[in-house]
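Going by my numbering, the sequence shown opens with residue 233, and the numbers climb by one from there.
If you're looking for bench data, these hints aren't it; they were derived computationally from the structure. None of these values were measured; they are calculated from a predicted model. Errors might be hidden in some of the hints.
[To be verified] 20 Å max Cα-Cα, derived EDC-like pairs, lysine to aspartate or glutamate:
no., residue 1, residue 2
1, Lys297, Glu340
2, Lys333, Glu306
3, Lys299, Glu286
4, Lys333, Glu318
[Unchecked claim] Computed Cβ-Cβ distance ranges for the label pairs, DEER-style:
no., residue 1, residue 2, range
5, Pro267, Thr361, 41 to 47 Å
6, Gly276, Leu332, 27 to 33 Å
7, Tyr301, His358, 30 to 36 Å
8, Val270, Thr308, 19 to 25 Å
9, Thr361, Ala298, 18 to 24 Å
10, Asp337, Asp274, 21 to 27 Å
11, Phe246, Lys333, 28 to 34 Å
12, His251, Lys333, 20 to 26 Å
13, Glu318, Glu269, 39 to 45 Å
14, Ala291, Arg325, 41 to 47 Å
15, His305, Asn265, 21 to 27 Å
16, His251, Asp274, 41 to 47 Å
Note that CB positions come from ideal geometry on N, CA and C, so glycine has one too.
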Amino acid sequence: MVTEKMEHNPVGWFEIPVHDMERAKTFYEAVFNMPIEVHSMDDGMVMGWFPMSETGSGASGSLVKAKGYIPTHEGTLIYFSEPAIETALERVRNNGGNVLKEKTDIGEYGFIAYIEDTEGNRIGLHNMTS
């Protein structure tokens, strides 16, 4: 068991595959109430960047539409920190996503829920308080 505290979290960036950037951008902006900046790269990749804080904890990331990026329920599960899980689940339902697992108490580790975005990705929600 590792007990030493780290200066930063080990994950620095994540990418969520999408089929339709505009649809995914609209969904994530509505559910998480944050702007997403879309950028087209020289290689044809289109990225929708989530806001990032250089001094905050956790990782930021991007929606990505590109060859080889395939939305899925399998593999890595990303959890978004969400202070109001029930409210976010309602926004998921109202914006074309699906709730896969309602808010669940996980004891001293807080609360989680699972959703499916408009692209078919499984995404987790987490908070420590309620």
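Consistency of the hints with the structure:
1. Lys297 <-> Glu340: Status violated; Cα separation ~37 Å.
2. Lys333 <-> Glu306: 15 Å, holds
3. Lys299 <-> Glu286: Distance ~29 Å between Lys299 and Glu286 Cα, so the pair is violated.
4. Lys333 <-> Glu318: 11 Å, holds
5. Pro267 <-> Thr361: 41 to 47 Å: 25 Å, violated
6. Gly276 <-> Leu332: 27 to 33 Å: Check passed, 31 Å falls within 27 to 33 Å.
7. Tyr301 <-> His358: 30 to 36 Å: 24 Å, violated
8. Val270 <-> Thr308: 19 to 25 Å: 23 Å, holds
9. Thr361 <-> Ala298: 18 to 24 Å: 37 Å, violated
10. Asp337 <-> Asp274: 21 to 27 Å: The hint (21 to 27 Å, Cβ to Cβ) is violated, given that Asp337 and Asp274 are roughly 47 Å apart.
11. Phe246 <-> Lys333: 28 to 34 Å: At roughly 20 Å between Cβ atoms, Lys333 and Phe246 fall outside 28 to 34 Å, so the hint is violated.
12. His251 <-> Lys333: 20 to 26 Å: 23 Å, holds
13. Glu318 <-> Glu269: 39 to 45 Å: Cβ of Glu318 to Cβ of Glu269: about 28 Å, so the range 39 to 45 Å is violated.
14. Ala291 <-> Arg325: 41 to 47 Å: 27 Å, violated
15. His305 <-> Asn265: 21 to 27 Å: 25 Å, holds
16. His251 <-> Asp274: 41 to 47 Å: 21 Å, violated
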